[in-house]
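Undergrad: Make the full structure from the sequences, and use the hints.
The sequence shown maps to residues 1 to 363 in full-length UniProt numbering.
A couple of the hints might just be wrong.
With a Cα cut of at most 20 Å, we get these calculated EDC-like pairs of lysine to aspartate or glutamate [to be verified]:
#, residue 1, residue 2
1, Lys264, Asp244
2, Lys70, Glu20
3, Lys235, Asp250
4, Lys70, Glu167
5, Lys22, Glu168
6, Lys105, Glu161
7, Lys54, Glu168
8, Lys43, Glu66
9, Lys273, Asp290
10, Lys54, Asp3
11, Lys54, Glu40
12, Lys54, Glu161
13, Lys239, Glu229
Between beta-carbon pairs, the in silico distance windows are [claimed, not checked]:
#, residue 1, residue 2, range
14, Ala201, Ser314, 33 to 39 Å
15, Gly299, Glu18, 22 to 28 Å
16, Lys264, Ala288, 35 to 41 Å
17, Glu20, Ile293, 20 to 26 Å
18, Phe313, Lys227, 39 to 45 Å
19, Glu20, Asp102, 49 to 55 Å
20, Ile321, Gly90, 39 to 45 Å
21, Glu229, Val83, 35 to 41 Å
22, Gln12, Lys343, 51 to 57 Å
23, Gln12, Leu304, 35 to 41 Å
24, Val269, Lys312, 50 to 56 Å
25, Val83, Arg162, 22 to 28 Å
Just so you know, these hints were derived from the structure itself, not from any lab. Just so it is clear, CB atoms sit at the ideal spot from N, CA and C, and this is done for glycine as well.
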Amino acid sequence: DTDTQEFKLDEQTELRFEVEPKCTITLELKNGTAEIFGTELVKNRKFAFSSCEKVAVFSWHGCTLELTGKPEVAYVAQETPSVFYINIHGALEQMRVKAEKDDSKGPVVLVAGPSDVGKTTLCRILLNYAVRLNRRPVFVDLDVELSSISIPGTVAALPVERVADVEEGFSLTAPIVYHYGHTNPSTNIMLYNTLVSQLSAVVSTRASHNSRANVSGTIINTGGWIKAEGYQALKHAAKAFEVDVILVIDQERLYNELVRDMPKFIQIVFVPKSGGVVERSVQARAEAQDSRIRQYFYGLRTHLYPHSFDVKFSEMKVFKIGAPSLPDSCMPMGMKAEDNRTKLVPVANWSKPVASYFEYQLC
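TA: And the structure:
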């Protein structure tokens, strides 16, 4: 039998629930008003949430919700950071209004913090609130572990013209995607920083040709690697995108380091973590990555139909990024040893091991 629960939310409270693996939960707004990560719910419409999703339904003025299925956990939280988030949105909107008057660039916001503190959710909320005021911000995702725009192992940017769909997220129309090839920036930090710089240049060029997008600004999501080279990569991203505001979630050490190291014109704001944020296990992260890859090729509800096609080995060339490091004394004039880390190196006889692999699999 299917379980149905009714929850009555007072003003400025939220329903939090988690979906068990291989299960589906259906949510319906019966009366009042509510939103999920900045997207307003339509009354009497059923929304389905699948395996392992974590959802928070917030109401400004109170509502009644109906939950169908067996959630792993479901409860009403009295304390939420939503008022703090709407105040951040209000401050960003004032910056957009000023940019309109001055015919200048809107706010560029970078969201930073360790893993599993709600960075992606905060980005989604701020983007949705901006779009609801008829803005057209750009969403940039620099998290190569679990991109919200493309597959893991990429950095990407997306013009946001509509609020995110409750179930499917933002419309992925005309994204800019650069393939990094790893789920950790430390694998080749020089390549990662190069791609971040290239992405920022393209985003800036596009914004300069679209006054509405230019005024609306940019919201940047980052990964959870915030120490050592990860911290340097964070500073590099802030410089490349010429950020105006850095929102630091739940990490006072990172906040104080950025206050110390960033130029004084950059506003750095400490943001409390939502009590609904759940720390993911290694297995949960791997499952989320697999889900993102499958969704990229097939769509959330298998409405996409990818096709395979044949390419002759003789028509392909394979390159790897990065060459063996050499001592500085052996490098050509003007080159440094680290330059090898972004060098394209052709892979000789790459087709032989591939052919052998398929022969082995078919035997």
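Undergrad: For each hint, tell me whether it holds in the structure or not.
TA: Do the hints match the structure? See the list:
Restraint check for Lys264 and Asp244: satisfied, since their Cα atoms lie roughly 10 Å apart, inside the 20 Å limit. Annotation: proposed proximity of Lys70 to Glu20 holds, straight-line Cα distance about 8 Å (limit 20 Å). Restraint check for Lys235 and Asp250: the C-alpha separation of about 18 Å stays at or below 20 Å, so the hint holds. For the suggested pair Lys70 and Glu167, the alpha carbons sit about 18 Å apart, so the restraint of at most 20 Å is met.
The hinted pair formed by Lys22 and Glu168 meets the criterion: a straight-line CA distance of about 18 Å does not exceed 20 Å. For the given pair, Lys105 sits about 18 Å from Glu161 by alpha-carbon distance, which is consistent with the 20 Å threshold. Straight-line distance between C-alpha atoms of Lys54 and Glu168 comes to about 14 Å, which keeps the hinted pair within the 20 Å bound. Taking the CA atoms of Lys43 and Glu66, the gap is near 11 Å; set against the 20 Å cutoff, the hint holds.
Proximity of Lys273 to Asp290 is assessed by CA-CA distance (about 27 Å); at most 20 Å being required, the pair is judged violated. This hinted pair checks out: Lys54 and Asp3 have alpha carbons roughly 19 Å apart, not beyond 20 Å. Between Lys54 and Glu40 the alpha-carbon distance is near 17 Å, which keeps this suggested pair within the 20 Å criterion. Between Lys54 and Glu161 the alpha-carbon distance is near 25 Å, which puts this suggested pair outside the 20 Å criterion.
Taken as a hint, the Lys239 and Glu229 pair is honoured in the structure, with Cα atoms around 15 Å apart against an allowance of 20 Å. Checked against the hint of 33 to 39 Å, the C-beta distance between Ala201 and Ser314 comes to roughly 36 Å, which is consistent with it. In this structure, Gly299 and Glu18 meet the distance hint of 22 to 28 Å, their C-beta atoms being roughly 23 Å apart. Between Lys264 and Ala288 the beta carbon distance is about 38 Å. The supplied range of 35 to 41 Å therefore holds.
A hinted range of 20 to 26 Å for the beta carbons of Glu20 and Ile293 is consistent with their spacing of about 22 Å. Taking 39 to 45 Å as the suggested C-beta distance range, the pair Phe313 and Lys227 conforms, at roughly 43 Å. Restraint check, Glu20 to Asp102: a C-beta distance of roughly 51 Å satisfies the suggested window 49 to 55 Å. Taken as a hint, the range 39 to 45 Å holds for the pair Ile321 and Gly90, whose Cβ atoms sit roughly 43 Å apart.
The given range of 35 to 41 Å is respected by Glu229 and Val83, whose C-beta atoms sit roughly 36 Å from each other. Against the hinted window of 51 to 57 Å, the Cβ-Cβ separation of Gln12 and Lys343 comes to about 55 Å, which satisfies the hint. Against the hinted window of 35 to 41 Å, the Cβ-Cβ separation of Gln12 and Leu304 comes to about 39 Å, which satisfies the hint. Between Val269 and Lys312 the beta carbons are some 55 Å apart, a value that agrees with the proposed interval 50 to 56 Å.
Taking the beta carbon of each, Val83 and Arg162 are about 25 Å apart, inside 22 to 28 Å as hinted.
Hint compliance for this structure: hints 9, 12 are broken, all remaining hints hold.
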